Amino acid sequence: MEPILIINNLIVTIAGRRVIDDVSLELYPGRVTAIVGESGSGKTLTALSVLDLLPETAKVVSGEVIFDGKDVFKLREDEKRKIRGFDIGMVFQEPFTALNPVMKVGDQVGEVLLAHNIIKKKELKPKVRELFEQVKLSPNVADSYPHELSGGMRQRAVIAMAMACDPRVLILDEPTTALDVSIQEEVLALVSSIQKKNNLSILFITHDFSIVNMLANEVCVMKEGIIVEKGSREDVLRSPQNEYTKKLIDCIPRIGDKRDRLPG
Amino acid sequence: MVLGIGYRFIARYSILGTNSEHNTIMNKRILFGLIIITIMALVAILAPFVATYDPLEMDLSPEARLQAPSAQHLFGTDNLGRDVFSRMVYGTRISLSVGFIAVFISLIVGVFLGGVSGYYGGKVDSGIMRLVEVMYCFPTFFLIMMVITFLGPNIVNVMVVIGFTSWAGLCRLVRAEFLSLRERDFVHSAKVQGVSDMRVIFRHILPNAMAPVYVSATLSVGGAILVESALSFLGLGVQIPTASWGNILTAGKNYIDFAWWLTLFPGMAILITVLSFNMIGEGLREVLDPKLKERKG
Chain A
1 MEPILIINNL IVTIAGRRVI DDVSLELYPG RVTAIVGESG SGKTLTALSV
51 LDLLPETAKV VSGEVIFDGK DVFKLREDEK RKIRGFDIGM VFQEPFTALN
101 PVMKVGDQVG EVLLAHNIIK KKELKPKVRE LFEQVKLSPN VADSYPHELS
151 GGMRQRAVIA MAMACDPRVL ILDEPTTALD VSIQEEVLAL VSSIQKKNNL
201 SILFITHDFS IVNMLANEVC VMKEGIIVEK GSREDVLRSP QNEYTKKLID
251 CIPRIGDKRD RLPG
Chain B
1 MVLGIGYRFI ARYSILGTNS EHNTIMNKRI LFGLIIITIM ALVAILAPFV
51 ATYDPLEMDL SPEARLQAPS AQHLFGTDNL GRDVFSRMVY GTRISLSVGF
101 IAVFISLIVG VFLGGVSGYY GGKVDSGIMR LVEVMYCFPT FFLIMMVITF
151 LGPNIVNVMV VIGFTSWAGL CRLVRAEFLS LRERDFVHSA KVQGVSDMRV
201 IFRHILPNAM APVYVSATLS VGGAILVESA LSFLGLGVQI PTASWGNILT
251 AGKNYIDFAW WLTLFPGMAI LITVLSFNMI GEGLREVLDP KLKERKG
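These protein sequences, in sequence, are chains A and B. Residues 1 to 264 in the working numbering are what the first sequence spells out, letter by letter. Residues 1 to 297 in the working numbering are what the second sequence spells out, letter by letter.
Just so you know, not all the hints are guaranteed correct.
[Unchecked claim] Below, computed lysine-lysine pairings styled on DSBU-like, alpha-carbon distance capped at 35 Å:
#, chain 1, residue 1, chain 2, residue 2
1, B, Lys191, A, Lys74
2, A, Lys196, A, Lys122
3, A, Lys59, A, Lys246
4, A, Lys230, B, Lys191
These aren't lab readings, by the way, just hints derived from the structure by calculation. On a predicted model such as this, the values are computed, not experimentally measured, just so you know.
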């Protein structure tokens, strides 16, 4: 099977320091690839480079991102914009800040549809309501402002936004980190059901191996900008080769486990 | 426009405001200003019905000239026997329209340049900021006077020139707001979804940057009215015989030792109007600025 998204030997520097160092990974259609690592390991930057939306201070030194056979870095600005949101959707970590506080959430979801001209203005409302139902929100939520919603509801609205154009790839940047545990579970179940229904490819960024265990097919472990281990979920979880990976896996709490929670 | 915005804020903050005592005081201040400005606006719109005489009708007979205020001539008559009250009623039109239109022009220029400057940064930003610094270097009032002498004094020129010379402050204000807002997650989020730059600027960032703009614009309306009055006073603004508060003052200054009504009433009108705008502006600032609220509350 041909990968839908390939990152080849990507090197990104900020102020001369390599924050992404020779990263290569592949995402296959209908599969979930998880990038796991601690804060500052470069996992979010890797995701942003896929959309060529790195912060201004970050420079791509070498490498390429190939989506659907095209090198993203070589596309014109308007071609990149067509990919963003239309082919590749993205969900951010913080549902509290990812929505514009002075715009109704329904309008924000609708805006994505309008930005890519895939719908006429008068068909917008029913389509937005349908999207809200898809993420298991009441369609009436569309008329609310973000401050009226709970964290879980906001994150669902953000997922609805990312799913609006029925993208082929979804990038989820720690979508559950800011939510409490019970809501985490629901959001992950939602992501998993959408993934199966739409045969989506997901690039899932997390620091939590228990989430990897639930969702991922392939796993990349990143540390200080370098991929230290890469492989299928079973291989990495059962027989981790790298010391760092072992420590991360040891962090998963288990019932009846008497060890200290933070080894090493 | 200002009325609508004002009422929206009053409605919003009197419902949502938890710090009710503090908010009530603010609302009173804004309300006072709004009432005065509403009256002024009604007078301006309904000028033909409010005015008791034709503002241009002269009566040069000695007993008609320079009459003191009376039931017939509320604010007296001027040196050409014209009714001062009626002239002032028509002058309200000039002052308010100059105030609003000049500020409207400076808002458009300032918000657009400030927004582009703050959003794109880099070379665009430094280019626009140098332009702003150049604008700051000119003594604005003399610049306005000079341009008006070239273009010829009339009300349209006055509005346009005041508008195009007073946007620099707004531009800096909007730029500063944009610089901080463009790094916010919801802006990144919109960009990630492929929303166009202009839409991100005007639909996502600008509405979140408007609070200080409302305040600054309201205060500027008062400032623009003052500049117009000063220009008219110097003979560079609205030309006689058209009445404006400034040129009624000019006519009155020669008779100030015995015809006090010629200077007192237009002077008071300017004072009260500018004061009202400043009160609305100050009130809005205190209602909208969360830092100020914290410190006082």
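Do the hints match the structure? See the list:
no., hint, in the structure
1, B:Lys191 <-> A:Lys74, "holds (18 Å)"
2, A:Lys196 <-> A:Lys122, "holds (30 Å)"
3, A:Lys59 <-> A:Lys246, "holds (32 Å)"
4, A:Lys230 <-> B:Lys191, "holds (30 Å)"
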